[in-house]
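Full structure from sequences and hints, please.
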Amino acid sequence: MASTATLSLILSLLVSSISPLLADYYSNKKVMNVIDSCWRGKAYWAANRRALADCTVGFGKNAIGGKKGATYVVTNPSDDPANPKPGTLRYGVIQSKPLWIIFAKDMVITLRNELMINSFKTIDGRGVKVEIAYGPCITIQHVSHVIIHGISIHDCKPGKPGLVRNSPTHVGHRRGSDGDAIDIFASTDIWIDHCFLARSADGLIDVIHASTAITISNNFFSQHDKVMLFGHNDKNTEDKVMKVTVAFNHFGPGLVQRMPRVRLGYSHVANNRYDTWEMYAIGGSANPTIFSEGNYYMAPKNTYLKQVSQLYIKN
Numbered sequence: 001m002a003s004t005a006t007l008s009l010i011l012s013l014l015v016s017s018i019s020p021l022l023a024d025y026y027s028n029k030k031v032m033n034v035i036d037s038c039w040r041g042k043a044y045w046a047a048n049r050r051a052l053a054d055c056t057v058g059f060g061k062n063a064i065g066g067k068k069g070a071t072y073v074v075t076n077p078s079d080d081p082a083n084p085k086p087g088t089l090r091y092g093v094i095q096s097k098p099l100w101i102i103f104a105k106d107m108v109i110t111l112r113n114e115l116m117i118n119s120f121k122t123i124d125g126r127g128v129k130v131e132i133a134y135g136p137c138i139t140i141q142h143v144s145h146v147i148i149h150g151i152s153i154h155d156c157k158p159g160k161p162g163l164v165r166n167s168p169t170h171v172g173h174r175r176g177s178d179g180d181a182i183d184i185f186a187s188t189d190i191w192i193d194h195c196f197l198a199r200s201a202d203g204l205i206d207v208i209h210a211s212t213a214i215t216i217s218n219n220f221f222s223q224h225d226k227v228m229l230f231g232h233n234d235k236n237t238e239d240k241v242m243k244v245t246v247a248f249n250h251f252g253p254g255l256v257q258r259m260p261r262v263r264l265g266y267s268h269v270a271n272n273r274y275d276t277w278e279m280y281a282i283g284g285s286a287n288p289t290i291f292s293e294g295n296y297y298m299a300p301k302n303t304y305l306k307q308v309s310q311l312y313i314k315n
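In terms of full-length UniProt numbering, the sequence shown opens at residue 1 and continues consecutively.
Treat the hints with care, as some may be off.
Within a straight-line C-alpha distance of at most 20 angstroms, the following computed EDC-like cross-link-like pairs (lysine to aspartate or glutamate) qualify [stated by the list, open to error]:
{"hint": "1", "residue 1": "LYS157", "residue 2": "GLU131"}
{"hint": "2", "residue 1": "LYS226", "residue 2": "GLU278"}
{"hint": "3", "residue 1": "LYS61", "residue 2": "ASP36"}
If you're looking for bench data, these hints aren't it; they were derived computationally from the structure.
Here is the structure:
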């Protein structure tokens, strides 16, 4: 297949080199991957939250989020897309200065329109239970250095046309979002880690329009059709620069396809667990490069669905 197709797909399942993630399935000893061992075992992590920014690996390893900024505490789960109030999540993420955003308590945030995140922001949900759900969700567009860690993003709905603020000095008319949990558009140095993502109107994570230097790690995906799309379409050649790492994730029950699907760019898919699928796990088209290694695949019982990868060829 590799000699006739445009997809360059390397599948390496070597028993002799079991990943740190999978080792936990074969040992009673608690095992943490390289990201978690960087911060999770340290009793003082809550007093030094910004140290998390030093734990990134893969193509998004340079993402610093709001490491060099002040701490902003979300106290109010309400939302106003055009004129957000201090204390709300939207007010924090649109600021021009770097911010490390944390939460005062457990909360469910139902956004009234898509959440436009400005550069140099960290959303850190550690220590509380934070959900963004039942409304439009997150857009990362034309920005850099964003970290999203430890929150649940689910049941996302399309955004409606209307005014949405993306900085303290600019509010613009948006045409409406597709209903992705996280849409990464023309952005760089992004890290999505330890999030729960499920049941959105479109994709769970889309990486499009020349976005690059991205790591997606330690997330749990569940109950969704088109999970992750890397590359806008087969003709969008600007996506050739795209580089995305997908590592240490758990693709749980109820997923159908695109874990991920890659167009044109490069994706390193390593040390993930796949708990069956309804169509395929990893796919690609338009001459991407997918380096897949050390993954654990639990194939569906249906013989016709056991194929791990899917190649799309025109005509």
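For each hint, the structure was consulted:
Of the supplied pair hints, the one linking LYS157 and GLU131 holds, its CA atoms being roughly 14 angstroms apart against a limit of 20 angstroms. Note on LYS226 and GLU278: the hinted pairing holds, with a Cα-Cα distance of about 11 angstroms set against a maximum of 20 angstroms. Under the criterion of a C-alpha separation no larger than 20 angstroms, the hint pairing LYS61 with ASP36 is consistent with the structure, at around 14 angstroms.
Hint violations for this structure: none, all hints satisfied.
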